[in-house]
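Trainee: Here are the chains, one letter per residue:
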Amino acid sequence: MISRDDVAHLAQLARIELEASEIDHLAGQLEVILGAVARVQEVAGADVAPTSHPLPLKNVFRPDVIRPSLTPEEALSGAPASEEQRFRVPQILGEE
Amino acid sequence: MITQNASEMAAAVAAGEITSEALTQAHLSRIAEVDEKVHAFLHVDAEGALAQARAVDVARAKGEKLSPLAGVPLALKDVMVQKGVPTTCGSKILEGWRPPYDATVVTKLKNAGVVILGKTNMDEFAMGSSTENSAYGPTHNPWDLTRIPGGSGGGSSASLAAFEAPLAIGTDTGGSIRQPAAVTGTVGVKPTYGGVSRYGLVAFSSSLDQAGPCARTVLDAALLHEIIGGHDIYDSTSIDAPVPPVVTAAKMRNVKGLRIGVVRELGGEGYQAGVLQRFNESVEVLRGLGAEIIEVSCPHFEYALPAYYLIAPSECSSNLARFDAMRFGLRVGDDRARSAEEVMNLTREAGFGPEVKRRIILGTYALSSGYYDAYYGSAQKVRTLIINDFNAAFAQVDVLISPTSPTTAFKIGEKADDPLAMYLNDIATIPVNLAGNCAMSIPCGLAPEDGLPVGLQIIAPAMADDRLYRVGGALEAAFNEAWGGPLMNKAPSLTGGVR
Chain A
1 MISRDDVAHL AQLARIELEA SEIDHLAGQL EVILGAVARV QEVAGADVAP
51 TSHPLPLKNV FRPDVIRPSL TPEEALSGAP ASEEQRFRVP QILGEE
Chain B
1 MITQNASEMA AAVAAGEITS EALTQAHLSR IAEVDEKVHA FLHVDAEGAL
51 AQARAVDVAR AKGEKLSPLA GVPLALKDVM VQKGVPTTCG SKILEGWRPP
101 YDATVVTKLK NAGVVILGKT NMDEFAMGSS TENSAYGPTH NPWDLTRIPG
151 GSGGGSSASL AAFEAPLAIG TDTGGSIRQP AAVTGTVGVK PTYGGVSRYG
201 LVAFSSSLDQ AGPCARTVLD AALLHEIIGG HDIYDSTSID APVPPVVTAA
251 KMRNVKGLRI GVVRELGGEG YQAGVLQRFN ESVEVLRGLG AEIIEVSCPH
301 FEYALPAYYL IAPSECSSNL ARFDAMRFGL RVGDDRARSA EEVMNLTREA
351 GFGPEVKRRI ILGTYALSSG YYDAYYGSAQ KVRTLIINDF NAAFAQVDVL
401 ISPTSPTTAF KIGEKADDPL AMYLNDIATI PVNLAGNCAM SIPCGLAPED
451 GLPVGLQIIA PAMADDRLYR VGGALEAAFN EAWGGPLMNK APSLTGGVR
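If you're matching them up, the sequences are chains A and B in order. Those letters in the first sequence? Residues 1 to 96, per the numbering used here, in order. Those letters in the second sequence? Residues 1 to 499, per the numbering used here, in order.
Just chain A, same shape as in the assembly (with noise of 0.2 Å):
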């Protein structure tokens, strides 16, 4: 069971600020999906070891080369705002 509060606990987790209308809306559907995706519970037996990467691969490396990458400018071209090269960001801590 999927409770409304539930659903604005995830949102809350997910940072996504959703309106009370979204909140109802899907905590409905969520139970509906939830219902029919608790189907893999089935087969999953202890037995059965997990796959989480279709590939078996381990600490892939590459040689530390110098190569071009992108300039201050490049890398700010596409941020809400900057200033003095740097992202500005609204504040992270509070005042104390």
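Worth flagging that the hints you see were computed from the coordinates, not collected in a lab. Hints are all accurate, no fakes.
To spell it out: a stretch of chain A is covered by chain B in this simulated footprint if at least three of its residues, at any positions, have a beta carbon under 8 Å from a beta carbon of chain B; those stretches are:
| hint | stretch |
| --- | --- |
| 1 | 14-27 |
| 2 | 37-50 |
| 3 | 71-82 |
Glycine included, C-beta positions come from ideal geometry on N, C-alpha and C.
Take the given structure of chain A and dock chain B to it, following the hints.
Mentor: Just chain B now, with coordinates in the frame of chain A:
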């Protein structure tokens, strides 16, 4: 000239029968003429395309060696970055953003003299099966403008079927190249995971996403595959091995003695009658061409869809965290009083559409403590079982076949607010993404009940992409002979006159 195949266009450019500039201009004119109805493109880069085309013409005049697709125009899915050209991923959160670099696929296309016409429409961040989730409005299927062109790469497939471009790039996380190909009567290939670089492809679900070629013929797709494929130092998951011999395979036109498996679980209930009819006829064509047909069972495929709708949302909830209003894209509510977190929350609320929010929330739930083992953990185990099913099947056969999509193109709006009904479109394509092997969709006729294209899916083991082209090429040749020409000859002109 726009109805030719890409390989024919390239040959004409190489022979000096037409300039790339004129060829590009012809496609730009076609786009100007029909895209108001189709809406395949989100951005047309006429100036950039013509400059690329002129560069090919200059290189040819100098006698430089041209690549097999030099001078031929292409439509690029808007999920792939191209330096200086707007890239939105079909989302408001990236509206107006111009990437400062090229994706590796784009670099390879440019080096090969392929002319990039513009960026094609898609479901927002590639989440969807109809292109209706684009923040910029849906794309219309050129076969019937009231119907969907598939998704998420509906813009790419529609551009091919509308003769706005002979080549396109798509990306396939759960079927986003193959299902659009199926419902538009075009060819689409999801290469082996790691076969084409993901550098510069905006990530949705990193363990599933794969870029690939879209075209109107199997050979054209192979030529494009060869250009975009191969190892890339900028993508640590790209496979360090040569591209399988796809072009040679596309030209073989011989499936004698090949063992072809029909997957029992991908058919029957839930599949449209006309889709099954055309699929069954195709099986007989393959038998007639000398292939050995074997029925194969993949018992865990029925769990692929549920596993996918846990794994893909989980990975997307993490990947889309980068849209945080700090470094690029939209920023809402920054009044110098609100905190970074408040601005982030408001921006993501304003910038993401309903399906993206749904999947982020679903993924956040599946990954949250207390639910992780039951949902994400179980889905990862199903992934193992599906890989085991494929391994058992490929011990018996060389390739597998199935319908690509359970139905032909449905009406725009028909499934728009029923997520589960929408998700079912990918029931036959998803197992391949979970296992990381490769698959192709090719047209196998029109469904008798609605006259709309039906797609046939060919599936091969990882790094055996050439087998897709061998079967696809042979089947396409047999169909063209039986139909008296390609299926696309039957597509509507969109202008009332002769195309």
